[in-house]
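K.L.:
Letter by letter, the chains look like this.
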Amino acid sequence: KNEVEQSPQNLTAQEGEFITINCSYSVGISALHWLQQHPGGGIVSLFMLSSGKKKHGRLIATINIQEKHSSLHITASHPRDSAVYICAVSGGGADGLTFGKGTHLIIQP
Amino acid sequence: GAVVSQHPSRVICKSGTSVKIECRSLDFQATTMFWYRQFPKQSLMLMATSNEGSKATYEQGVEKDKFLINHASLTLSTLTVTSAHPEDSSFYICSAHRAGGTDTQYFGPGTRLTVL
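Chains as they are written, first to last, in our numbering: chain P, 3 to 111; chain D, 21 to 136.
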C-alpha cells in the first residue's frame with residue numbers, strides 16, 4: 003500500500019508570495035494527481051503527472067519519479083488560492099487513488 | 021467536457037434509514053467509477069471501485085452489505101448507505117474514469133450525509 007506524505011500540513015502566506023507544497027510517496031506509481039478542495043468540499047483536479055513538469059496559469063507541478071517526489075508551486079499567490087491542496091497517486095487508470103492528508107493553504111491579502 | 025454530477029448534494033436522515041447517492045458522468049462513458057469517503061479533518065479514503073456490469077470491489081474495512089454499489093450503465097453508479105447510523109455521517113464523493121482515456125479521474129461535487 004502506498005504511503006503518501008505531504009508537507010507542510012498548514013501554510014499561511016501573504017498575497018504575492020511564491021508557494022511550494024511537497025508530496026512524497028513510497029511505492030512506484032502510474033500517475034500522480036494534484037487536487038484542490040474548497041471549504042464546501044468540492045474537488046477540482048489541477049494536474050495529473052507521470053513525468054516531468056506541467057504548467058497551467060500560475061500553477062506549476064513537477065515530479066521526480068526516481069525520488070518518488072512531486073511539488074506543486076503557485077506563483078504570485080492570491081487570496082482566492084486559499085484551499086486545501088491534495089496529492090494523490092494511482093497505480094493505473096482503473097485504480098482508485100491513495101490520498102495525502104492535504105495542505106491547508108491560506109493566502110492573506 | 022468531462023463533467024461528473026452527484027445527487028443529492030446534501031442529505032439529512034434519521035438513523036436506520038437508507039440513503040441513495042447517484043453519480044453520473046454527463047458527457048462521457050465511464051467504465052470505472054470510484055467511491056470515496058472523507059471524515060472531518062481527514063483525508064479522502066477509497067471505499068470501493070465500481071465497474072459497469074460487474075460487482076464492485078470494496079476496500080478492506082468497508083462493509084459491502086452496508087454500502088451497496090450498483091453500476092448499471094456506463095454513465096451511472098449509485099451508492100446506497102443502508103440502515104445509516106450517525107457514524108456514517110461523512111462527505112461521500114465519486115470519481116469517474118473515462119473509457120479508453122488516460123489515468124485522469126473526474127470528480128463529482130460530493131454529497132454531505134448527516135445521520136441524526
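Hints in this document: simulated from the structure, not taken from any laboratory.
Idealized CB from N, CA, C, for every residue including glycine.
Warning: the hint list may mix true and false statements.
Claimed, not checked - No farther apart than 25 Å at their CA atoms in a straight line, the calculated lysine-lysine pairs in the PhoX-like style are these: (1) D/61 - D/75; (2) D/75 - P/3; (3) D/40 - D/75; (4) D/86 - D/34; (5) D/61 - P/3; (6) P/3 - P/57; (7) P/3 - D/40; (8) D/34 - P/103; (9) P/70 - P/57; (10) D/34 - D/61; (11) D/75 - D/34; (12) P/103 - P/56.
What the hints assert, rightly or not - Covered by chain D, per the in silico footprint, the following chain P stretches (three or more residues, Cβ under 8 Å): (13) 14-27; (14) 61-69.
K.L.:
Now, for every hint given, state plainly whether the structure supports it.
P.N.:
Do the hints match the structure? See the list:
1. D/61 - D/75: Violated, at roughly 31 Å.
2. D/75 - P/3: 23 Å, holds
3. D/40 - D/75: 17 Å, holds
4. D/86 - D/34: 16 Å, holds
5. D/61 - P/3: Distance ~22 Å between residue 61 of chain D and residue 3 of chain P Cα, so the pair holds.
6. P/3 - P/57: 29 Å, violated
7. P/3 - D/40: 30 Å, violated
8. D/34 - P/103: 30 Å, violated
9. P/70 - P/57: 20 Å, holds
10. D/34 - D/61: Since the Cα atoms of residue 34 of chain D and residue 61 of chain D sit roughly 24 Å apart, the hinted pair holds (cutoff 25 Å).
11. D/75 - D/34: With Cα atoms ~28 Å apart, residue 75 of chain D and residue 34 of chain D exceed 25 Å; violated.
12. P/103 - P/56: 22 Å, holds
13. 14-27: Check failed, 0 qualifying residues.
14. 61-69: It is violated, with 0 qualifying residues against the three required.
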